[in-house]
Every structure is written in structure tokens, then in C-alpha cells.
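The listed protein sequences derive, respectively, from chains G, D, U and R. For the first sequence, the numbering used here gives the first residue as 286, with consecutive numbering after it. For the second sequence, the numbering used here gives the first residue as 286, with consecutive numbering after it. For the third sequence, the numbering used here gives the first residue as 94, with consecutive numbering after it. For the fourth sequence, the numbering used here gives the first residue as 94, with consecutive numbering after it.
Since the hints were derived computationally from the structure, they do not count as laboratory data. Yeah, the Cβ is synthetic: ideal placement off N, Cα and C, and Gly gets one too. It is possible that some hints are incorrect.
Just a sample of chain R residues kept apart from chain D, beta carbon distances all over 10 Å, derived [to be verified]:
1. R147
2. V152
3. D251
4. E305
5. R315
Here are the simulated EDC-like cross-link-like pairs (lysine to aspartate or glutamate), alpha carbons at most 20 Å apart as the crow flies [claimed, not checked]:
6. D/K479 - U/E395
7. R/K410 - U/D290
8. R/K410 - U/E395
9. U/K410 - D/E608
10. R/K438 - U/D394
11. G/K500 - D/D487
12. U/K438 - R/E110
13. R/K438 - U/D290
14. G/K500 - D/D497
15. D/K500 - G/E617
16. D/K500 - G/D497
17. U/K438 - R/E395
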Amino acid sequence: MSRPALVEKPERAPLDRELLVRMHDLMVEARVLEERLIQMYKAGHGFFWIGGPGEEAFNVSLGLLMKKGQGPAFDYLHAHYRQSATLLALGEEPIGALRQMKNTATDPYSGGRNFAGHFSKRSWNIAPASSPIEVQYAVAPGTALVQKRHGGDGITIVTGGDAGTAEGDFASCLVWSSRPANPLPILIIVTNNKWGISTASDGQHGEKHVADRGKAFGMRTKTIDGNDPETAYLELKEAIAYVRKERKPFLLEANVSRLYGHSSASGANFVTDEVDCLKVMEERLEQRGIMTRAQMDAVRTRWTEAIAEMARQAREEPLPAPETIWNHIYSERK
Amino acid sequence: MSRPALVEKPERAPLDRELLVRMHDLMVEARVLEERLIQMYKAGHGFFWIGGPGEEAFNVSLGLLMKKGQGPAFDYLHAHYRQSATLLALGEEPIGALRQMKNTATDPYSGGRNFAGHFSKRSWNIAPASSPIEVQYAVAPGTALVQKRHGGDGITIVTGGDAGTAEGDFASCLVWSSRPANPLPILIIVTNNKWGISTASDGQHGEKHVADRGKAFGMRTKTIDGNDPETAYLELKEAIAYVRKERKPFLLEANVSRLYGHSSASGANFVTDEVDCLKVMEERLEQRGIMTRAQMDAVRTRWTEAIAEMARQAREEPLPAPETIWNHIYSERK
Amino acid sequence: MANMAQAIRMALHYAEENLGVTDIFGEDVGPPLGGVFTVTQGLKTTWNSPLDERGIIGVAMGIAMAGGRPVAEIQFCDYVYNTIDLLKLAGNTCWSTHGDWNLPMVVKTPVGSGIRGSIYHSHSFDATMTHIPGWKVVIPSNPLDAYGLMISACREQDPVMYLEPKALLRIKGEERIPGEPDDDRLLSKMIDAPLGDRSKWKAQWPELQAYEVPIGKGKIVRPGSQVTVVSYGRTLPLCAKAAETLAAEGIDAEVIDLRSLWPYDWEMIRASVEKTGKVLYVNEDTEVTNFGEHLIRRTVDELFYHLNAAPKLLAGKFLPGIGLADTLEMASVPQLGDILDAIRKLAAEQP
Amino acid sequence: MANMAQAIRMALHYAEENLGVTDIFGEDVGPPLGGVFTVTQGLKTTWNSPLDERGIIGVAMGIAMAGGRPVAEIQFCDYVYNTIDLLKLAGNTCWSTHGDWNLPMVVKTPVGSGIRGSIYHSHSFDATMTHIPGWKVVIPSNPLDAYGLMISACREQDPVMYLEPKALLRIKGEERIPGEPDDDRLLSKMIDAPLGDRSKWKAQWPELQAYEVPIGKGKIVRPGSQVTVVSYGRTLPLCAKAAETLAAEGIDAEVIDLRSLWPYDWEMIRASVEKTGKVLYVNEDTEVTNFGEHLIRRTVDELFYHLNAAPKLLAGKFLPGIGLADTLEMASVPQLGDILDAIRKLAAEQP
Ligand SMILES: Cc1ncc(C[n+]2csc(CCOP(=O)(O)OP(=O)(O)O)c2C)c(N)n1
Ligand SMILES: Cc1ncc(C[n+]2csc(CCOP(=O)(O)OP(=O)(O)O)c2C)c(N)n1
Ligand SMILES: [Mg+2]
Ligand SMILES: [Mg+2]
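So that you can see chain G by itself, here it is in the shape it has in the complex:
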């Protein structure tokens, strides 16, 4: 069973210039960052790479649409390990990711303890990304539950891959989010790149669309083309608006690409047979006369230089001291 490549065509009014230029800038920033992380890995400046090149259209949109802040009045993000573009769109500096790659003591997400792409930023409600697949889906209803009680329009957003939906935790998320006793303001996202490491989705998914699994629970669901920046933005906007207002769950599946394979364990080489959302974006910008090729190249050069400089800086920073293993087993908060 194979799936239609494009499930949904964008038929809405195009996004305005300013937003598109902003999105493009962030997408380039994210792509350049990931490519730099891959380079670092290949040069021996890190042990493992995993990240989100190919998901920038969707992930940037998500970051731009989130309500950033700390506590239940703001949005929570329970993300997996391909979400760098969302962090950047929220305003995060790329150097943090580089530091985590190099596992320096300055790594703001884990102090040199965790793999690349494993973000955590409590001050913006970014829940820690953890390696075990799908556990975030079991946790996310908890933040949504507090938000529901708190009032306001803060929502919980949880993301993960297609293969991982086979874990029971994905079902738990659907069950807990749609309880008639307390439906939750949660946007449940699946980024479907049609792979789990080396395993093609075709043989593993009896569902036509992963999103269909929400239907039995009376949830709104949709499967979208996450490679199209405008579709991604507009569909996310609609889904988020629904959850914010109705305080009810929405299951959104975005078809996306995996442009450098699964991770460094599979070589982290560019694949040529998948749609590249950045190319889609740039063609559109050019077609519509919003940016020229030269302008776009300049954006890439700017980010390449800036991030290369940050990488140089990160490379010189020290590793955490051995005795720091004993720090933070328990909270120092009182």
C-alpha cells in the first residue's frame, strides 16, 4: 500500500511577503544549522547527529505560531529530535545546538549530557526531548490538563514520527485527550516521513493515514503536505486556532521529507529523491518575485558564516568536568 504524495493542495490566499521572507530566513537558518551539525559529526566534533532537515517548512511554521512563554498560560511543546527549526523560529540562538553537538559544558539543554537535537527550555515551555520514541505522547496530556483548568488559551503541542505511532503511547495520547470527562486543548502532531530508521512505512501501517486514528475518538483530524510552506503554515494556523478556542484535541499529520537519512548512524548523506521544502519555498519566492536568487543566496551565505563562526566558538569550549556527573540528580529549586 503506498500513499498519495500530496494529500492536500493549498487553495487559500497566499501568505504575505513579509511572512514568507521571514519563514525563508528561518528555514535557511535551520538548514544551515543542521548541515553544520552534520559536518561537525563528520569532522569528529561530535559523536552522533540526528535532526530535522526536510521538516523546516512545517517546523518553522509551528514555531512562528506558538505562544511563547513560561507556564500554563503559554503553549507547551513536547517535541522529538527533529525540531530545531521550531526552536529557531521561536527565537532560539543556533549556538546552543552546536554546543550540544560538541557536548560542551555550555550546552544549554543538557550540559553536554545529551545527543544533538535534544532540546529543553523551561522558560519557553519547551519540554525536554528525550530519546525514547513516543513517550512525549504519554506526558503531553498532563500539561494540557493543567492548561484546561488554568483557563486562557495556552495549548499543548506534541510531535513525533510516523513509525513511533505504533507504540501504545500514541494511543494513550488519543485516549487521554478525548475523554468526555475532560477533553484537552492539545494539538497532536505526527510528522510522517514514511520511515522508521530503515523500515519503510508501507509494510507496517494498516492505516491509510495515521491521522485517521483520531476519528474514532471524535477528534478533528487532517493529513497535510508538510513540505509546502504555505500549506503547512495555514493548516497549522487553523488547527492551532481550533485547539486554542475549542479546548479540544486535534490530530494533525504532516507529510515531510527526511533529507539526510535517519541520523549519522545511517551516514547522514543528502538524499535526492525526496521533496526539499526549502527548494519549494525558494522557487515560490522567485516565481512570485518576492526574492531573487541572489538575495536568497545572500541569506544562505550570511547564515553559513554566522553559524560557522558559532561552531568555531563551540569547538573551543571545554567539556563538562567529570565531577559534574553528580549535579542535578535532584532539583536545586526550593
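Add chains D, U and R with the ligands to chain G, keeping to what the hints say.
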């Protein structure tokens, strides 16, 4: 959200006399057995009771329709703890259940180790019922997988309650049974009595019907009135025939009653506000002139006496010796 | 006096009122039942969860992340074993994020044998739980400690596993909970849900007072000079009783109730073993890779030259389950007779 | 010589051909990848499962029930912790049914540190697994043992947990697998999947012969008289190396490779400790409620009066994870230097 009481009305040709009389006999046998187990518990001849009074119409039908035997050519049953009527319909002697209640050394299912209702009979492909809710749904696709490969028409049947479908294992069962790479001959049953111990299903299930969860997986699904003996029999027959022939999964939800509450922990007293399938059966038999009240009373008397006698016997049998705890940690099979 | 179930219930009420507890939840935790052991009857923040232990632990973590203070219940610890990854995750979240996130959450779950619970209502959880870093782990053996430990647990900024020895839940205490009325029947009338229809019932809470049993502090239940006996949970009262019995035989045993398994009161154990030179650890978890073995390791590691005899462990047999029949349960986990024998033997040992 | 990954692969091929293995499955176990560590490349009964560890263990149980013989893989033991209830169930099925059902199934999973795996690719699983009754548990430290233990595992009638020390999977052996060709490059050509398109590739299997390492039997890797060192998995070669180094310093250590953790070769340990009077247990699981603590308990229980020094455990620090940075990993789990120090100290101890 409350559910329609009868989802499906029987509209097929009625079952023939002989089968109905046989079903009635088995239903009475099962009911009398369960009531005896409850009595034993109340009299201190057992520590805990749990069982299936209220599910006889459905469970007897299941037992009558199963292909009994050992190995993948025959049907496997992965049941939960309310399945005594199915065992009896397969031809099991009631004394085994009484022995398990009294935890005697002669208990054929666990040697005095496990709670009432925890059957196991390898020679008939009856997988051990275990206390943890829903794990049987994770195991069942394994026997179905071997059956698929083996060929023939043996199928796997798995049963469990409504509340338990919140566990991820229920979803795992749907996922593993419907893989395009290898769809499995498995009948996935949920007996919906609208309760999990003290928790009403209304507040917990966003699904209109639990069976709807199979739809996303392209599975045949149905919700039936499991309290109507004829509906139960005919729907099961159809579902089983489909799985046997097509070698594909079917998700069947049967609405049933819980006539003595959850277990002895909740008192094990008869409830009067739920449909009693045995009454439904007896009314029908009388209406259609198949059996008279006196004949039916005689059936009950016969079983009551027979089972009381068995209970007396079981009560006199010794407990397992302390040192037997060391037996069967590993198999003695070579 | 209150029994342990009532004591925990009162502590949870205190915690709802004074310590910011926002959600007490789990399977059958809310009305009408209020918990299969009645522990959560009448509380104002209780609710019934789906039958999904992974969801229960996950949602507790999420609530803690968003500023709530959850007390989540796993109905029997026998059903916690599909959540070990989540417990590990809860325990490593602070460390993995270099202190960015912490999870103030309590998980409570009944443990142990003693109610003829057969294979799946008799498990112990102390061995598995003490192997999971980042948690604090407590287990009371009497109502007052149960009250004080729950209050301490609800004040923590990190995950606390609160183990309830189910055989002791119905046993009344010998000390009064601060604030509980003098009359037990009055207490029951006030806070135990009535039989029958409960839809209109509300608990009448006594004026409870704060009382903390600090996490990490054991208690000398009986001072003695010849043998140290360290235990917790169901076996603790048996050890105390054994020591009493043996006093008549001239064996003077010191009995320590550990109360907290992590962190635990090593100073108390050390002082006692330095005095007695002999120590028996008693618990009812299965005996291979058992927490008592950790305590023995630490004992030989630090006190080897103080020992007059090999330190001993009396624990559950290494069996796949506890059988339902009385004969089987008695043979599988330590009973009074086993403890008496073990203490006698140790006391008699000549170096 | 074959490396450990190749050795296990060859054993699985042998088991498919001769021992009735029907299903080798798990995440990415089948083509095209053949396992994240290449262990299952080219085998005929492999298939890729959904990303669902609970399903993997459950389905393995079901296959075993229906007369199949599964070898199921959990991609990293770090991801096995949501299945502990199912592992317990598999381990208690025979006992709970009074011998009616047994489950001939093997679960294999990579364990341990040494590949800079950070928090979730560095876990050990020996402590948790040895606490689960009804299983046999093995862990090889070299390719030949890996081959022989897998063959033994596939002959068992009960569940076997086969732990693969991931740091050793790429290391070549010093002994030849019976049947493996003399030329390593030839072996690689025959059984390692090529880079690029593999859709037409088939393994060319050498004529492998049966070779069993009996479950429950350890191996004296280096005989010695002064100190006994008992280890397994990643730390075993380090212990052997340490003993070699220390021989030059006049410290004569006996090194035992336990190989089977349950049942384990107590006779071998006992004989050694009776001889040396000193024992160091080394493993890399976290050190609280650690299997090495069980071994220490048994040592003091049965050999107290043979000991010339307190038995010691060198294990992983009790931390929520192993940090990615080299500095952190080195400080968290035993390294060669730590083992050298521990043996030296123990050897020097005067009773
Ligand atoms: C519980 C668990 N099992 C296995 C793994 C190993 N693993 C890491 S990523 C991955 C595939 C994930 O596929 P998918 O969910 O589709 O996400 P994607 O990587 O494609 O974005 C696997 C099996 C893991 N990290 N966690
Ligand atoms: C994993 C697990 N969690 C909790 C329990 C305790 N428990 C026993 S029966 C039950 C309710 C089951 O409800 P349902 O699945 O609807 O089945 P029913 O008893 O109604 O047939 C619960 C929570 C258990 N046995 N296993
Ligand atoms: Mg994917
Ligand atoms: Mg039910």
C-alpha cells in the same frame, strides 16, 4: 455521552431448537458454576472471586464456534477472567474452576497458585488468563502469525474488557494485526460491560463505539448486542467465518452485562438493573415453545446439584504442599 | 486511632489544603470508590483515570511540568511494570536537562503480600524502584509514619515513590495523627465513605496538623545490643514482634524501621551495627538483586571489621510469583517464624 | 577471526537451519538494514516489526506458544523498560500454569556503554533482568562464547535473555568459530551485506558447526591465586587486561568470565574465593540494587570465614544516565584504570 443500549437487532433466521437447547444448558451450567464460586467465596472457601455471570450468551456462543485442539491448525483463545462459559462450551468440566477457587493442589489450571477464572489449557490452545489487563492483546498476534504461516483455517481469538482498551496493548494488537506486510487471522473481541471496576465508561471513552478504533486500520468492525444469545451466536459465526477464510483481522465489540459487580472485592452481589442474557434466553425458549419453565427449572436443578457435589469434593482436596513452590519455574519439557 | 488507609487519606487532605496538591488520580481513585483500599475517599482533587498505567505516569509528569502537584496512583504495584521506562524518565529529567526541569510528583502504590493476593496482588517493588536513580522512595509501617511521610513527599521538588504495604493498610496505629479525634468511630463517621449511595456524601475533615517524617530518616523501633534487624513495610511489625518475643529468651535485638529506602539512613544502620556486630536485613521482595543485598554490600564495604558474623538477608524466595494457596504464600515470603529463626541463628553465631 | 556481530549472526544462521528458529524480528532487524549493529544481516527468517517494543515481546511470546521459535530483538536495552511486565509474564507463565505452558523464546538486546551512546544508548540491563524469575540470562564477552551461547539459548525450552555488550560487537575474537573460514576478508565478503543496494544480495554461509557454551557455566579467563575478579560483558576484557598488567607488579589475579548471569556458576566463584580469600565483582550497571550485590551477599553468606578482605563491587555510579561528553562517560562507568586501582587495593589489603 451515553451509548445506545442495543446497537444491532437480530434480523436473521432464528437458531434451530437443538442448538438453542444446547446453548441454554451451557448458559445455565456456567451461571450455576459462577454462583457456586461466589458462594464458596462468601463461605470462606476461597480468597477471591472474579468471573463472567452476564456474559454467558456471548461466551457460550464463542466456545461452540471455536475449533478445538492443540497447535496452529486449531483456534487459540487469549481470554481474560470472565470466560468460564466459553471453557464449558468447549467441553471443560466445571470442577476445575471450583478447584482453582479453593486453590487445591488439583486445580488443573494453576495448581492452586492463581485466582478463580484464570484458565489455562494448552491441549485446547487456551492461553493462560493472567491478571494484568490487556497484555493478552500484545501476545495474541504472535499465535495468529504462526497460524497464518501454517496455513489451514485456525484463527486466534482474543478477549478483554472495555476499560482495558485504554492500555496501549489494545492499540498494539490493532497495529500488529493489520500490517500490510502480513495481515493476521485474528478475531479481536471487546466485551463492553460499561465498567472498569467502579469507573463508568461514559467519562473515559471518546469513542462512540470501541470497535470504531479498528476502522482506521482498514479492519472489519462491528458492535453487537452480546446479551442476545441469537445475535451473539450469529454475529460471532459471521465474524469467525470471515477471519477463518480471509485470514484478516476483525474487531468485534459485544455489549454485555456484569451481573454480580466487578468481583468479590466489590461484594459480588446480584445487580438488578442490567439485562440478564439467561432471562432473555429463557423467555425466548418459552415463547417459541422450545422449553417449558419446568424443563428449564429442571436444567438448573440438575446443574445446581451436580456442581454442589463437585464443590464438596473440591473442598476436601488438599492444598499444594509448601515445597511445591519450586516446581515449574522452568519447563520440564525436553 | 486511625488505620494506615485513613492516615494517608488525611495526609492527602492536608496536602490538598496546604501543600498545593492539585490532582490525586488513578484507576478508581475518585468517586464513587475512592480507591480499592479506600485511601482516596472524600478528597477534593481526586479523579478516575482511564485504565492505562502508562498514561497515569505520563500525565503525572505533564502535570508536574505545568506547575501542578500530582499524586498519581498505580492500583497495585504489580501493574507498574509497563511504566518502568517512564519512571526512569521521570527520574532522569532533572539530570538530563542539567537542572532545567524538575518534577514535583508523588506516585503511590500498594505493595507486598499478606492479603492472599496471588500472583498479581502480592508483588514487592522496593528492589526495582531502588535501582531507578532520581527518585526518593519511602514506605511506612504504621499510620503516623504514613501520615508524616506523605506530607514530606508532597513537599518534595522531585519525584517520590510512596509504597503502601497493603497488609498494613487496615491496621490501626498506636500513636495519634495530629488533629485526629479521640474516638475512632467518630473518625470513621467523618471520613469513611458510607456503604450504598455516596453521591451526596462529603467527608468531614478533622483539623489536621502538619507532621513530617523527614525523608531519609529511619527509626529505632526497639533498641537492643546484640543483633541489628533492619526492615520496612509489612515485615517491620513482624520484626518488632520477633524482637519482643526473643527478649524473653535473652536475645536483645535492635530493630530499625528504615522508612525511607532512598535516600536511606545509613548513619542509623552504621551506628547500630558498630554496636551489635551483627545485622539481619528483612524484606519480602524476591531475593536476587534485592535492595537488602545493597545494604549488605554497603555493610561489608564499610563495616567489615566491625562484624561478628556475616550479615544476613531474609527476603522473598526467588520465585515467579506468590501462589494463592496459604501453604504457598507462607512458604514464599518471610513470616514471623522465619524471622524468629533468623534472629536466633544470628544471635547464636560465634565468631 | 569473526567479530562478535558476525559470530552471533552465524549462530542465528545455524539456529535457523538446525534448531528450528522461525522468526528473527524486531525494529530494523530484517532487510535492508539487518540490525543497527549488522547482527541479523542475510538471515532467512528476519523481518522488520512495527516500532513497538511491547508488541515485540508480546508477539515473541505468542509465537513461542504456537510452536514457533522466535529470537526477538529490542534495538537497545535502553528501550526495553516499557516491557518489564511482559518479561515478568514470560518468566512466570510456566510457573503460573503449573507447567502447562512453556515459552521457548530468545530476546536479544545490546547493552552497556562504550560507544558514546549518551543517556539512552548506554544502559546496562543485568540488574533489572536478574531480578526477573523464570528467565535464563547470558552475556558473552568474545565472539566464540557469543556463538556458543546463542546456540545454547536457541535450544532452551524457556525464555532466554541474551545481552550483547555493544562495545564488543565489532571486536574480533582470538578463537575461531567452528566452520568459519580462515580469511577474515573472505568471511566478510560472504556474510556482511554490501554497501548500497542490497536487494539482490544473499549471504554465503560457511559450513558452520554446532558449538555450545552451556548456560550456567563460567570460564576462568586467567588463573591466579591472590584475588578473584568476577566480571562479564564490556568490563570482562578490561579485567583480563588489568590482571595481565598487574602480574608484572606481582599481583596474581584470577579472572572469571561469568557468561551466564542466571543461573550462574557459583561453584566456580566459590572454588576461586576459597583459594584467594578476596573477590572483586565488576560490572557497569548502576551500583544500587545491582546484581554484583547479590553475588556479594552470597559470598558473605557462604564464604564469610574464607574471606581475607571485604568482597568488593566496582560498578556504574548511581546516576540517572551516562552523559555524552567523554569526561562524563569515563567518570560514570568502570574503566581500565578503575579496575586496576580496585584490584591493587584489594590485593594490598591486610586482614
Ligand atoms: C522506544 C524506542 N525504541 C526504539 C528507538 C530507536 N529509534 C530511534 S529513531 C527510530 C525510528 C523513529 O521513526 P519515526 O517515529 O518515524 O520518527 P523519524 O525518526 O522518522 O522522525 C527508532 C526505532 C528509540 N529511540 N526509542
Ligand atoms: C494492568 C492492570 N491494571 C489494573 C488492574 C486492576 N483491575 C482489574 S480488573 C480492572 C477493570 C477492568 O475493566 P474492563 O477492562 O472493562 O474489564 P471488565 O472487568 O469490566 O470485564 C482493573 C482496573 C489490572 N488487573 N491490570
Ligand atoms: Mg518516520
Ligand atoms: Mg468493563
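Structure-based check of all given hints:
no., hint, in the structure
1, R147, "violated (5 Å)"
2, V152, "violated (4 Å)"
3, D251, "violated (5 Å)"
4, E305, "holds (15 Å)"
5, R315, "holds (32 Å)"
6, D/K479 - U/E395, "violated (57 Å)"
7, R/K410 - U/D290, "violated (54 Å)"
8, R/K410 - U/E395, "holds (17 Å)"
9, U/K410 - D/E608, "holds (11 Å)"
10, R/K438 - U/D394, "holds (13 Å)"
11, G/K500 - D/D487, "holds (18 Å)"
12, U/K438 - R/E110, "violated (55 Å)"
13, R/K438 - U/D290, "violated (69 Å)"
14, G/K500 - D/D497, "holds (8 Å)"
15, D/K500 - G/E617, "violated (49 Å)"
16, D/K500 - G/D497, "holds (8 Å)"
17, U/K438 - R/E395, "holds (15 Å)"
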